[in-house]
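Okay, here's what each chain looks like letter by letter:
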Amino acid sequence: MWISKIRTLALPVGAVTILLLGAGLILSGCGGESQSKSLEMKDAVYGAPQSELTLEKPTTDELWSGAALSMAPEVSPVPNAKVHEVRIDVTHTEVQVTDGVKFMAWTFGGTLPGPVLHVRQGDKVIFTMTNRSDQTVKLSPPMPHSIDFHAAMVNPADKYREVIPGGTIKFEWTANYPGVFMYHCGTPAILQHMIYGMVGMTIVEPKGGYSTKVDREYALVQCEYYLTKMKDGTYLVDMQAAREKRASYVTFNGVPAQYVKNPLKAKPGERVRLYVLNVGPNGTSSFHVVGTLFDRVWMDGSPLNEMRGMQTVLLGASNGAIVEFVIPEAGTYTFVDHEFADVELGAVGQIVAKGEEIASK
Amino acid sequence: MRRSWLLSGVTALALVTLLLSLGWAKPQRAKTIIPGKKGTVLIFVASLCPCTDAHRIMIDNLVEETSPKGFNFYSVFSNIGETEERAEYFFRNIGWKMPYYLDSDGKLAEKYKASRTPQTVVLNPRGDVLFNGPIDDANVNQGRVENPFLKNTLVDILANKAVRNPLVPPLGGCWIVRDTTSIARPPELSK
Chain A
1 MWISKIRTLA LPVGAVTILL LGAGLILSGC GGESQSKSLE MKDAVYGAPQ SELTLEKPTT
61 DELWSGAALS MAPEVSPVPN AKVHEVRIDV THTEVQVTDG VKFMAWTFGG TLPGPVLHVR
121 QGDKVIFTMT NRSDQTVKLS PPMPHSIDFH AAMVNPADKY REVIPGGTIK FEWTANYPGV
181 FMYHCGTPAI LQHMIYGMVG MTIVEPKGGY STKVDREYAL VQCEYYLTKM KDGTYLVDMQ
241 AAREKRASYV TFNGVPAQYV KNPLKAKPGE RVRLYVLNVG PNGTSSFHVV GTLFDRVWMD
301 GSPLNEMRGM QTVLLGASNG AIVEFVIPEA GTYTFVDHEF ADVELGAVGQ IVAKGEEIAS
361 K
Chain B
1 MRRSWLLSGV TALALVTLLL SLGWAKPQRA KTIIPGKKGT VLIFVASLCP CTDAHRIMID
61 NLVEETSPKG FNFYSVFSNI GETEERAEYF FRNIGWKMPY YLDSDGKLAE KYKASRTPQT
121 VVLNPRGDVL FNGPIDDANV NQGRVENPFL KNTLVDILAN KAVRNPLVPP LGGCWIVRDT
181 TSIARPPELS K
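Chains A and B, in that order, give the protein sequences.
FYI, the numbering for the first sequence is 1 to 361, going by the working numbering.
FYI, the numbering for the second sequence is 1 to 191, going by the working numbering.
It should be emphasised that the hints constitute simulated quantities derived from the structure, not laboratory data.
Some hints here could point you the wrong way.
[Claimed, not checked] Computed list of lysine-lysine pairs in DSS-like fashion (alpha-carbon distance at most 30 Å, straight line):
1) A:Lys-207 / A:Lys-138
2) A:Lys-213 / A:Lys-245
3) B:Lys-111 / A:Lys-245
4) B:Lys-161 / A:Lys-229
5) A:Lys-138 / B:Lys-97
6) A:Lys-231 / B:Lys-26
7) B:Lys-97 / B:Lys-161
8) A:Lys-42 / A:Lys-138
9) B:Lys-31 / A:Lys-138
10) A:Lys-124 / A:Lys-207
11) A:Lys-57 / B:Lys-26
12) B:Lys-113 / B:Lys-31
[Stated by the list, open to error] Chain B residues, not near chain A, derived (Cβ > 12 Å throughout):
13) Ile-34
14) Lys-69
15) Gly-81
16) Arg-92
17) Gly-95
18) Lys-97
19) Tyr-101
20) Leu-108
21) Arg-126
22) Lys-161
23) Val-163
Just so it is clear, CB atoms sit at the ideal spot from N, CA and C, and this is done for glycine as well.
Using the sequences plus the hints, can you model the full thing?
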C-alpha cells in the first residue's frame, strides 16, 4: 500500500522539484545576465580613424578647453553630449611645488596634474593637442611630446605618436569601459616626462550612472616629485633619484599637504565620493581616510569591481579607484597614503566637516 | 726617523691618489676636441633634454666597446645657457664617462649643422665628416631600434668599409636653441 502511495506522490514531487530547479536556474541566469549586460561590449568601439598631425598654430592662448574638463579637486558633471571636443595643449612652465621650491615643469594644460577629463561610457572624445614647447625657448629646449590615454583602445603608434614642437595632433577615441584612468606623456624617456609633470586623470562614468548618490565628490591625483637643487637655488628634475625611487615629495594634486592648509569640505552625515588615481610614477599608494571606512570601493573606478567596508585601498602606479564613505559626525578626517614615509613627503590632506552650515564649494 | 718619513710619504701619496680619484669621478670638461686614432664621435646633447636618456645604456656600451679601438667620444653642449654645473647635472643623470665640450658660442653646432639633441657626428682623424645623424631610429618605432645608425657607422669604419648611411635627417629630439628671443625652427622643419 505504501509503495503505491510513493508511486502516486513521485510524479507530482518530481515535477515540482524539476520546476523549482528550473526556476532557480532561470533566476540565477537572469542575475548573471544583468551583470554581464554591463560588460557587454557589443557597443564597444575598437580603434579610431587615423590621427591628423599638422603644423597649424593654435588660434587661442587658452591651454585647455572643453566642457568635459575641470581642475582637480573639482569634478565637473559629465556634459550632456555623446561627443566631447576637448583640447589640452602641452606647455613648459614654471610650477611652484611648495614654499621656495619651483621648477620648470612640462605640463598638460599648464597645470600639474593636467585637467580632469570626465565623460560617460560609450562617449566619443575628439582630442586635440598642440605642443607649445616652442613658445618657451627661454625656459627649456623645445622637444617632442605625446599623450597616452589609458582609457582609450587605439593604435599607440598612431594616436600616441610624438608631436614635434609647434605641431598639433588630433584624434578620437571612445570610452568603452567605466573607470578612473591615467593619461600621461608617452615620449621617451617616459619616466622623465612623467616626473616633469605630464600626468592627469580621466573619469569614465558607467552608462547608467553610479548606483549610489553622493553629496560631494572630489578628484585626487597622487604624484611624486624628484628634484635636485642647483647652486643658484633653482630646482631641476633628478632622474637618478627617480630611477632609485627616492622621491622629494609625494603629493595629492601636485602640492605637498595642500589640503591640510586648505582642507576639502563636507558636512556631517554626507556621503562623499573620491576619485583617486596614483600616477606614481614609481610608488604604490595605500589610500586611507582616518575616522571612517569605505562603504564602497570600485577598483580602477569600475562599479563591477566592487568591494565593501575597506579601510585602505592599495593602488599600484597608474591604478585608480572610486571610494565612497559617510562622514559619521562633525570633525576632521585626514586622508593619507598610509605608507607613512609618503605622508612625511606630503601625501596627506584633510576633509573638514563642520556641524554648522557650510558655504557651497 | 727614516721609517716615520717613509710612512708620512706613503700616507700623503694615498691621500693625493684618493683626492685625484674623486676628481676623476666628475665628468671632464675638454677645452679642445682631440681626434681619435680611428675617429671622433661628437654627441650633441642638452642638460634639459630627455631624448638622450633613451640611449644612455647603448652609448655607454658603445663607448666601452669602441674607445679602446681608437674612437674618442665627446658630449657637446651647444644650447645657450649651458654651464659646467648643468653639464655635471646631465652626467649625474645619464651616467656617461666621456669628456664634454661646452660649445658656448655655438660654432661647433653651426659647423656640423647640428640642430637637435641627440645628434651625432663622426669624424675621421683628419676631421672629415663620415656620419651625421641620429643615434638610431627608436624614436619612430615606439622604442624599437631597426637602424642603429651610430653603431653601424663605427662598425663600418672599423671594417674599413664605406659608411652605409653617411647622412640621416633628424628623427626627433629637442631643438638646439641658440637664440631665446625668437622661435627659430630647425632648418629641416622650416621647409
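Can we trust that Arg-126 (chain B) is non-interface, i.e. its beta-carbon lies farther than 12 Å from all of chain A?
holds (32 Å)
Would Lys-69 (chain B) pass as off the interface with chain A, using Cβ distances and a cut of 12 Å?
holds (29 Å)
CA of Lys-113 (chain B) to CA of Lys-31 (chain B), is that 30 Å or under?
holds (21 Å)
Checking a non-interface call: every C-beta of chain A should be farther than 12 Å from the C-beta of Leu-108 (chain B). Is that right?
holds (17 Å)
Report holds if the minimum CB distance from Val-163 (chain B) to chain A is greater than 12 Å, and violated otherwise.
holds (26 Å)
Quick one, are Lys-207 (chain A) and Lys-138 (chain A) close enough, alpha carbons at most 30 Å?
violated (46 Å)
30 Å limit on alpha-carbon distance, applied to hinted pair Lys-42 (chain A) and Lys-138 (chain A)
violated (51 Å)
Separation of Ile-34 (chain B) from chain A, once the least beta-carbon distance is taken, above 12 Å:
holds (28 Å)
Lys-57 (chain A) and Lys-26 (chain B): Cα distance at most 30 Å?
Given pair Lys-57 (chain A), Lys-26 (chain B) is violated - Cα atoms ~43 Å apart, limit 30 Å.
Would the pair Lys-138 (chain A) and Lys-97 (chain B) pass a check requiring their Cα atoms to be no farther apart than 30 Å?
holds (29 Å)
Straight-line alpha-carbon gap Lys-97 (chain B) to Lys-161 (chain B), limit 30 Å
Status holds; Cα separation ~28 Å.
Could you check that no beta carbon of chain A comes within 12 Å of the beta carbon of Lys-97 (chain B)?
holds (15 Å)
The structure does not agree with the numbered hints 1, 2, 3, 4, 8, 11, 15, 16 and 17 stated previously, though it agrees with the rest.
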